[in-house]
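Enquirer: What follows is each chain in one-letter form.
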Amino acid sequence: MSDILQALSDYRPYLWEGLQVTLQLSLGGVAVAIVVSVVLGLAAISPLPVLPVVSRVIVEFFRGTSLVVQLFFLYYVLPPLGLDLGPVGAGIVGLGLNYGAYGSEVVRGSLNAVPKGQWETTLALSMSWPLKVRRVVWPQAWALMLPGLNNLTVMLVKGTAVALLLGLHDLTYWADEMRKDPDVGLWTAYGIVFLLYYLIALACSSGLRLLERRAQRRLGLRADVAVTDRATAEAVA
Amino acid sequence: MEFDPNAAFEAVGPLLAAFLQVTLLVTVLGSIIAAALGLVWAIGRRELPRIPGAILAWILDVVRMTPLPLQLLFGMAVVTELDGFRRFGDIEPTTLLTYLGIVVFGIHYSTYMAESYRAGIESIRQGQWEAATALSLPRRRTWRAVIIPQALRATLPSLGNWAIAMFKDTPFLIVITVPEMVSEAERIGGASFKYTETFAVAGLIFLAASYPTAVLMRKLEKKLAY
Amino acid sequence: MPTETAPDPTGAGSSETGPRIVMENVRKQFGKNVVLDDLNFSVDRGERVTLIGPSGSGKTTILRLLMTLEELTGGYIYVDGEPLTHAKRGERRVKLRSGEVSRIRRRIGMVFQQFNLFPNMSVLENITEAPIHVLGRSKDQARADALDLLDQVGLKDRAQAHPTQLSGGQQQRVAIARALAMEPEILLLDEVTSALDPELVGDVLQVLRDVARNTDITMLIVTHEMQFAQDVSHRVLMFDQGHIIEEASPQVMFTAPQHERTQQFLQAVL
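Residue numbers (our numbering), protein chains in the order written: chain A, 1 to 237; chain B, 1 to 226; chain C, 1 to 270.
Among the hints, a few may not be true.
[To be verified] In silico DSBU-like links for lysine-lysine, alpha-carbon gap of 30 Å or less:
#, chain 1, residue 1, chain 2, residue 2
1, C, K32, B, K223
2, C, K88, C, K32
3, C, K32, A, K180
The set of hints was computed from the structure by calculation and includes no laboratory data.
The task is simple: from the sequences and hints, build the whole structure.
Expert: Rendered as structure tokens:
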């Protein structure tokens, strides 16, 4: 225990730096991913003729080509073309696009899972598409999509460890640096960082769980574990 | 900057070789380990007494919620610490690290597959357990003959989807210097400055392998649904 | 866009006098399965017509076609003399633009078998949502109207309740109030008591009897409650396999049906 406290105090500035990089990528990535999920998810169910197809192609492209390949593309290929996002920018955009594509599958699935009778009723009340989506369908889909988005958020936080491949000094980098210090050692170094990641993921997950409970209570629903798991696995495949 | 089809064409051979030798190997063996371990965890969580069960659940949570690259580096550090490279002196270090990668991927994704199994097991109606009890089936037999076959049916597409997700995570092997496809692409790109072409080919190979499999899983899911 | 008015089958045009609804050669297929075949009938203003018949005979499909929840396979539907979804242009049958469709659809309301209350809104919000955002009513006005309607259906004290806190019968009464809040000229009732426990049916039917007595809304009713049908409707249509096989006043239909299939059907349900 004293080893851990000693290591924590010795490496505090470095761990703080690593934590900042990890959190920056996480928050930035989640923000981009949310926008991408919502835009592509709504496009997928829009009544306009081309949008669903365009959304489908974009989603399949980003789901299919692997996060690391996309990141390297942003990191190596774009700068010579005059678009230099920098490593943090590339990380945020890459994570956001990739997890946003997964997220859009969850959003689309949830919008489609809102019972058909609800859609039919909005028609019987002559509601326009934006009105029915905003006021009736989305609030119900929201409760359905939160469990899946929760899983994806945790995955995105873990995904920030790609920072390593972009030459950034995130938590994972510092775990391996600390390990090399004989005063700290393997178990303490990794023990600390495993715990830090776990706590970040737990914080995100608990926050979203709170939203989820609230949304479900408002609709008088309960989440179905089997459905959530299946939907997540399908989204990331 | 122009897209050079020749450079792309030349990259196909080496990238496919790396794909078959490393990427596919890790995915297939890793999935098998993950599927087997995942089932063990899922049964363990139902059968273990309260405290050990809770400990198992917590460990699985930690493994599931921490990054793969961190776990790969940790695995490599453990092998180094235990002097593994000298002890297995007759195995090439790269090969040894590939094995390590397979084990780490298998363990990491077993925690996801355990969740899928759990969902599959929970979806089985209580009546099935009760019927097995009414027939005085032993617990072991109930699992093997009644629960697992039904749960598997509900779980199989999810397992397949996690395997695809694992497949797309294989480039993380770069952090422990295993020469999988994307690190090959980075190497070739770096040597010729044809990053666009090589990464495009690598991305297309991923897409070509994962998209049809994902479609297949969706079909399978429809077919297996009761 | 000025439209060439379709040749009006009634000759009445979009006036105050012609029939409210006209079905002309209406045909509906799901895949190869023909549900309605060459159907012709009309409903007058203020008339209440009940559709009866065995399940699968096409009654509900007629309501869903009128609500534009299903697309017509062939033929025409006119509301107040105006084509609803398809119009005749000489010999051609053309689909109307969605703006045109929704203008006419606004005169029609529907109550569903499964109530379909919005679970993300309170009872009051369920009723005021469309009047505010579709009809452009002020919030205060919509609220006052909604409370009035809730009073009529006997649920004024549940205005702030959540739909899941209500019994099925109460939910359905809210759904009726919600449909009425849009002040429809035509109200479609699709087996509105079929999903209810027997002891809850009475209150819902009583509300509908009141609506029938106090308004002149044209109603198309699909129901298995024959006593209710007899009480409120001016006319009953018996459906079988996509055709109207008998048409009569309720008194005649329920006491002296002519067609053999009608006799069998009524014997089975009464």
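Enquirer: For each hint, tell me whether it holds in the structure or not.
Expert: How the hints compare with the structure:
1. K32(C) with K223(B): holds (24 Å)
2. K88(C) with K32(C): holds (25 Å)
3. K32(C) with K180(A): violated (73 Å)
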